[in-house]
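Number of protein chains: 2
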Amino acid sequence: MNSVPISHVGIAVKDLDQAIAAYASLLGRSGPDLIEDVPEQKVKVAMFSGAQPEDGGRVELLMGVAEDSPISKFVDRRGEGLHHLCVYVDDIEAKLGDLKAAGVRLIDEVPRIGAGGCRIAFVHPGGSHGVLIELEERRKPV
Amino acid sequence: MNSVPISHVGIAVKDLDQAIAAYASLLGRSGPDLIEDVPEQKVKVAMFSGAQPEDGGRVELLMGVAEDSPISKFVDRRGEGLHHLCVYVDDIEAKLGDLKAAGVRLIDEVPRIGAGGCRIAFVHPGGSHGVLIELEERRKPV
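Line by line, the protein sequences give chains L and Z. Mapping of the first sequence onto the working numbering: position 57 corresponds to residue 57, and the numbering continues sequentially without gaps. Mapping of the second sequence onto the working numbering: position 116 corresponds to residue 116, and the numbering continues sequentially without gaps.
These are computed hints drawn from the structure, not numbers from a lab. None of the hints are false.
As the list makes no split between identical chains, a pair holds if one copy fits it or if it spans any two.
In the DSS-like style, the derived pairs of lysine-lysine whose C-alpha atoms are separated by at most 30 angstroms in a straight line are:
(1) LYS14 with LYS100
(2) LYS73 with LYS42
(3) LYS73 with LYS44
(4) LYS140 with LYS100
(5) LYS100 with LYS42
(6) LYS14 with LYS73
Values in this document were obtained by computation on a predicted structure and should not be read as measured data.
With the rest of the complex left out, here is chain L (with noise of 0.2 angstroms):
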């Protein structure tokens, strides 16, 4: 089973083909993956995969689709860069009830379905040094 702790990094573009460009130069590929839109977060995204997606070690670039999208509203503010990182947890409903106990401010205390299926939840910046975690539930080895 896949050990890496990082599931993928979420990058914040204003112009999506743009962004597709340069990290497909960068990462010497023809180009993304896969290419999604999101309507429930109003996100358009390209994902840079290893041989398999769920090997981890992603790179997702997010472009808002709407003024009131998280991510243009992000852009709007920071600018483009780096906007969540997200990591393997084994057992989501156990570690988000850990982190609640420890006082840790979560932001999904439930977890939801996030693309392709997985069960992630976000938790706080302010719980993890500035940085917004994305928890995601490893599969299970069928």
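Keeping the supplied structure of chain L fixed, place chain Z upon it in accordance with the hints.
Just chain Z, lined up with the frame of chain L:
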């Protein structure tokens, strides 16, 4: 050979011991895999890796150990948080040549030796949508 795009993510923190405790809890670890002083960068580093560090997808916590450390200056200016993204490249000299030819602004025009002896170079955030990028040459299979 490992194929994940991300080597590691660097997080700038004020207090390394507190950050280690927070990230050990988030990642479900007893502690980091490595703690190291990097005097030439005036930083102290803690690294959380997967089963093998070269699998990538690692979390690097960085604390400045002098007022003029780049990390201390970053934290003074922007607060704690995501600092840089390190991605793998196959041939770092070829990549730097390509980026320079494409007009991308580089911090290091020639590679230097980073932590663990690998060859690295930094790309200016202006060339990568606001993200300070570190390039790390993938180790060749022996």
